[in-house]
Amino acid sequence: MSKICAIADLGTNTFQLLISPLAAFQVEEHLQRPVGLGMGAMEEVTLQADAMDRAIACLAEFKQVFLAKGGDLPDFYAIGTSILRRASNASAFLDRVFNELGIQIRIIDGIQEAEYIYAGIRNSLPERWEKTSLVMDIGGGSVEFILFKGEQVLYRVSLEIGGLRLKSLFSVDNEFNLSVVGGLDAYVSKEMISLLEACREAKPSVLIGAAGAFETILELENRPGGAPASCEIDVDVFLQHKTTLDALPYEDRVDYPGMKAFRASIFPYATFLVEKVLQELEIKELWFSSYSLKEGFWFTELQSSVSQP
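Position 285 of the sequence shown, counted from 1, bears residue number 285 in our numbering, the numbering being contiguous throughout.
Where hints are given, some of them may not hold.
[As the list claims (entries may be wrong)] Below, a list of computed lysine-lysine pairs in the DSSO-like style, where the Cα atoms sit at most 27 Å apart:
1. Lys131 x Lys276
2. Lys284 x Lys203
3. Lys63 x Lys3
4. Lys284 x Lys149
None of these hints come from the bench; they were simulated from the model.
Whenever a hint applies, use it, and build me the whole structure from the sequences.
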């Protein structure tokens, strides 16, 4: 066994790699690649050949980086989420990855994904965090929600309302347009019924966004020093940026200061979801956490003697 591990989060839109020592959590390497595994697969739910090729190339890069740092392949953990749960040809893709790269992908269900995300979030927050809070992790295919107070999880759910999924259902010329907001809102409202009922009973006062789109929301504030493990986001500033970005065509949105090019196309769908939750639950406090599934996997499955990052 090597002294380091690699955890790869194979998302519907983005693949991410975390390399950490096994003995104590520390980010030695963090890579993020816009693979787009779910592109062209939202309607027929079949992985496209070019998307699988991009995924293989990305995993080959991740493997090379890990081995170059002295890692052993048995300590490389690849985790499949929404699109690999749903795709009709996912098993063929998994076989190809194993045959070409020797990497065994484990596909987890939405509840397990939510549990890992929660474990990551908890280890990024200030000590003695007692506020009733709602965690939100926006992926390309699904969005995970975890409602908790103190150390107790009150509710958790995985909903198929991720950015790529919503874009496939509500777009004009394959891009976001303000004219789709009415239909988008009706669809999301229906999907969120049980979530909103649970939250209205528990009354969370904080929405905590996990990495991903929330990282871009934070970067729009242009803060110096990079992203911390967790911090508060100014809701008013977020809403100002959202209003501006929603009105921009893709060509201008992609050049907006702080915007990552690979997120520009689906970002309005992500920010719609954030604003929807804030408004429906009358939440005034918004936080960002740089920890999510990968970090939560380490704390849940690999943690040895260290309980805090």
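Hint by hint, here is what the structure shows:
With a C-alpha separation of about 21 Å, the suggested pairing of Lys131 with Lys276 holds against the 27 Å cut-off. Restraint check: the Cα-Cα separation between Lys284 and Lys203 comes to about 12 Å, which is no more than 27 Å; the hinted pair holds. The straight-line distance between the Cα atoms of Lys63 and Lys3 is roughly 16 Å, inside the 27 Å bound, and the hint therefore holds. Between Lys284 and Lys149 the CA atoms are separated by roughly 17 Å; this keeps the pair inside 27 Å, and the hint holds.
In this structure, none of the earlier numbered hints is contradicted; all agree with it.
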